[in-house]
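**Student:** Protein chains in written order, with our numbering: chain A, 3 to 112; chain B, 1334 to 1446.
No lab work stands behind these hints, which were simulated from the structure alone.
Yeah, the Cβ is synthetic: ideal placement off N, Cα and C, and Gly gets one too.
Among the hints, a few may not be true.
As the list claims (entries may be wrong) - Computed list of lysine-lysine pairs in BS3-like fashion (alpha-carbon distance at most 30 Å, straight line):
hint	chain 1	residue 1	chain 2	residue 2
1	A	44	A	58
2	B	1403	A	44
3	A	44	B	1390
Stated by the list, open to error - Far from chain B, by Cβ distances over 10 Å, these chain A residues were calculated:
hint	residue
4	13
5	17
6	56
7	61
8	109
As the list claims (entries may be wrong) - To spell it out: a stretch of chain A is covered by chain B in this simulated footprint if at least three of its residues, at any positions, have a beta carbon under 8 Å from a beta carbon of chain B; those stretches are:
hint	region
9	32 to 46
10	95 to 107
So you can see what is in the structure, the chains are spelled out below.
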Amino acid sequence: QKEVEQNSGPLSVPEGAIASLNCTYSDRGSQSFFWYRQYSGKSPELIMSIYSNGDKEDGRFTAQLNKASQYVSLLIRDSQPSDSATYLCAVRFGNEKLTFGTGTRLTIIP
Amino acid sequence: DAGITQSPRYKITETGRQVTLMCHQTWSHSYMFWYRQDLGHGLRLIYYSAAADITDKGEVPDGYVVSRSKTENFPLTLESATRSQTSVYFCASSESPTSAEQYFGPGTRLTVT
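Excised from the complex, chain B in its bound form:
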């Protein structure tokens, strides 16, 4: 399938568990991003990656870990989930950081109980 996909689409987990959200894109875009979206806060950048093996923190990185061993994949791991990490998570990609078009995945709705 062409485009950008995320899995799972919905996830319920318990406080303290480790959770990994997957993101896969087929465009060979260099840049990939992880956002979380919460009421009253809009979209906030968690981490981004300029290329394989190059990652950097965004606005709200605490409690999250990313890796990028392959250009097409950019998984986001919550090492020990907390209720405050209940949110909708969007992955996005673009050809460059200044590219107008960031293509968003369908999102993962994560609930931490």
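For reference, chain A alone in the conformation it holds in the complex:
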């Protein structure tokens, strides 16, 4: 069974600091990796996608992928209170549907 694991948190980070969110997955054949943000009571929205080893930056967000270690992370620089949300890691195994982790709840402390 293909699995995606995240620490459920909550993860508390001071405003202005770097928030680091981690995700591991079970299938070495996985090819596509995504981070979704979900505010309380709202639906998930895609914030980052990454397909190859290394870092991908988009504004204050950086996704990091290490396929050898089966590990993907999301860094949020200069964390803002508006970043407080649950972050879902999703993995696509080949052409199959997305498999989601259970999410990490992030709280930014002003």
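Starting from the known structure of chain A, fit chain B onto it as the hints suggest.
**Tutor:** The following block gives chain B in isolation, referenced to the frame of chain A:
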């Protein structure tokens, strides 16, 4: 209205009743998905559809039925609701199964008493 909508947004029903959750998208996306979200389980795929009249099971299909007679609509029916089906249900759509972007509807919070 453009986008993906779900109705109702909130529903309370009794055990054994049939319930239908509606999903409508205006993008003409080929693929549509139904997920349920529960604490400790994250988002789990119930059913998906590649096109009108083409549907397939996801991870947790038991107790659910779907249909897709039109591209824009993808209703989910609970034939005989059980308490274990109390959950938040999200519909999503994408241009293809490998499309990075799945667009999610606002969700339906269903309580089965």
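**Student:** Against each hint, give a clear statement of whether it holds in the structure.
**Tutor:** Checked hints:
1. A:44 <-> A:58: holds (26 Å)
2. B:1403 <-> A:44: Distance of about 27 Å is within 30 Å: holds.
3. A:44 <-> B:1390: holds (25 Å)
4. 13: About 16 Å separates residue 13 (chain A) from the closest Cβ of chain B, which puts it past 10 Å; holds.
5. 17: At about 27 Å from chain B, residue 17 (chain A) clears the 10 Å cut-off, so the statement holds.
6. 56: holds (17 Å)
7. 61: holds (17 Å)
8. 109: holds (17 Å)
9. 32 to 46: It holds, with 5 qualifying residues against the three required.
10. 95 to 107: holds (count 8)
Violated hints: none; the structure is consistent with every hint.
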